[in-house]
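Visitor: Chain residues, written in single-letter form:
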Amino acid sequence: MRLLTHNMLSSNIKGVVNGFPLRIEAEKVIHKEVDLNPDFLRNIFSKIEWRALSDAARSLGYAELPEEAEESMLDSDEFLGKFHHALLEIHLEEGALVCPETGRKFSVSKGIPNMLLHEDEV
Amino acid sequence: MEGIGWKTAQIRLVSSHPEVYEPCDDSFALVDALLADRTNLLLHRPAICLEVGCGSGYVITSLALMLRRQIPSSAAYFLATDINPHALSVTGETLAAHGVEAELLLADIASGLEDRLAGKVDLMVVNPPYVPTPEDEVGAPGIAAAWAGGENGRRVIDRILPAADRLLSSRGWLYMVTLTANDPSQICRLMGRKGYASRIVVQRSTEEENLQIIKFWRDADEESAASSPTTIAGRVIESLTSHLPRLSSFRGTH
Chain X
1 MRLLTHNMLS SNIKGVVNGF PLRIEAEKVI HKEVDLNPDF LRNIFSKIEW
51 RALSDAARSL GYAELPEEAE ESMLDSDEFL GKFHHALLEI HLEEGALVCP
101 ETGRKFSVSK GIPNMLLHED EV
Chain H
1 MEGIGWKTAQ IRLVSSHPEV YEPCDDSFAL VDALLADRTN LLLHRPAICL
51 EVGCGSGYVI TSLALMLRRQ IPSSAAYFLA TDINPHALSV TGETLAAHGV
101 EAELLLADIA SGLEDRLAGK VDLMVVNPPY VPTPEDEVGA PGIAAAWAGG
151 ENGRRVIDRI LPAADRLLSS RGWLYMVTLT ANDPSQICRL MGRKGYASRI
201 VVQRSTEEEN LQIIKFWRDA DEESAASSPT TIAGRVIESL TSHLPRLSSF
251 RGTH
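Residue numbers (the numbering used here), protein chains in the order written: chain X, 1 to 122; chain H, 1 to 254.
Hints were generated in silico from the structure; no laboratory data involved. Ideal placement from N, C-alpha and C gives every residue a C-beta, glycine not left out. There could be a bad hint or two in this list.
[As the list claims (entries may be wrong)] Straight-line C-alpha distance at most 30 Å; calculated DSBU-like pairs for lysine-lysine: (1) X:Lys28 - H:Lys194; (2) X:Lys47 - H:Lys120; (3) X:Lys14 - H:Lys194; (4) X:Lys105 - H:Lys194; (5) H:Lys194 - X:Lys82; (6) H:Lys194 - X:Lys110.
[As the list claims (entries may be wrong)] Counterexamples of contact, computed for chain H against chain X with all Cβ distances above 10 Å: (7) His17; (8) Ala76; (9) Pro85; (10) Ser89; (11) Ser111; (12) Ala140; (13) Asp158; (14) Arg171; (15) Ile200.
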């Protein structure tokens, strides 16, 4: 699971009001290089909750992202490189995503988060 | 890179598992619909693509290959969900065998994505469990979840449609497989009331079933309207009505 996906997930347990962002408990993190595409990054930037991304990256050991970001920063190659790495190259392979309100854990196994709810959570 | 010359996933490279639905006529029809609409898709340049119910991975892999031929790698973000964990393993293997990638989620339709992905999906593809079955077979563990659709095969479809409406971006497109028994003209009217235009991209009759692949897009999306000669739900209904004799006689199994 990339941090882009983490940025799109929230806890949807019945009754939970603020299910985002999910806290990450990491057991295994891997890095996979992919080609940097500036157009994609510029396009996706406005869809990203920045603080959630920078906090998630930091929790996985990558502290290079600023705490806040604005669109003009996309003109910097250095910024694009860091954004690209955090968003697309860091993968949570094993661990859990934790609901910020209830502490309920959604396991991540072989890079796949289990977002299925139990019957009493729907 | 391997796979760069392929237009769609290669059957010999599609992984399998006894509990996972193998690519079949419906999967092929959906990929054929994407191929038939490929020129529009490439112009559309979807940034976020989602497949609900990826099964073997045949469709999401084909989509990734299709878009990659024209758009450089990592220009689109591909997400695939399934309720069956074996399907996600198989999809992962199928993607890897073709040298493409997608993010995989074990989810009920798009559970966990409803809030943050709302209004962001530019392209959604769904081959839903559409076969009319007894209600208690819907969502059962294992392979039956791939086809069991309950009454008129609509139980899961009727949950997917509002999810699609929520997830699709203002320029988002949905391609969905339906069976004549699902009453696709009623589905088009339903989506029409939510502001979607629709058209049948591929229509196919096999020995067992009559399949339609329907494309939905928001009616205000001029670009799509301009490139699609037959646009409004009414036309789809017209065209479906001409197949009504089949509809009334169909009560088959998968």
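Visitor: Does each hint hold? Answer for all of them.
Guide: Evaluation of the provided hints:
At most 30 Å may separate the alpha-carbon atoms for a hinted pair to count; Lys28 (chain X) and Lys194 (chain H) exceed this at roughly 43 Å. With a C-alpha separation of about 8 Å, the suggested pairing of Lys47 (chain X) with Lys120 (chain H) holds against the 30 Å cut-off. Between Lys14 (chain X) and Lys194 (chain H) the alpha-carbon distance is near 26 Å, which keeps this suggested pair within the 30 Å criterion. With a CA separation close to 35 Å, the supplied pair Lys105 (chain X) and Lys194 (chain H) exceeds the 30 Å bound.
Restraint check: the Cα-Cα separation between Lys194 (chain H) and Lys82 (chain X) comes to about 40 Å, which exceeds 30 Å; the hinted pair is violated. Taken as a hint, the Lys194 (chain H) and Lys110 (chain X) pair is broken in the structure, with Cα atoms around 38 Å apart against an allowance of 30 Å. Separation of His17 (chain H) from chain X is adequate, the least Cβ-Cβ distance of about 14 Å exceeding the 10 Å criterion. The Cβ of Ala76 (chain H) does not lie farther than 10 Å from every Cβ of chain X; its closest approach is about 7 Å, which violates its non-interface assignment.
The claim that Pro85 (chain H) lies off the interface is violated: its Cβ sits roughly 8 Å from the closest Cβ of chain X, which falls inside the 10 Å cut-off. For Ser89 (chain H), the non-interface assignment is contradicted: its Cβ lies about 7 Å from the closest Cβ of chain X, within the 10 Å cut-off. A beta-carbon of chain X is positioned within 10 Å of the beta-carbon of Ser111 (chain H); the least distance is around 5 Å. With a closest Cβ-Cβ approach of about 14 Å to chain X, Ala140 (chain H) is found to remain outside the 10 Å limit, as its non-interface label requires.
Every CB of chain X is more than 10 Å from the CB of Asp158 (chain H) (nearest about 16 Å), matching its label as outside the interface. Even its closest Cβ contact with chain X, about 12 Å, leaves Arg171 (chain H) beyond 10 Å, as expected for a residue assigned away from the interface. Non-interface status of Ile200 (chain H) relative to chain X is upheld: no Cβ of that chain comes within 10 Å, the nearest being about 30 Å off.
Of the numbered hints stated above, those contradicted by the structure are hints 1, 4, 5, 6, 8, 9, 10 and 11, listed in ascending order.
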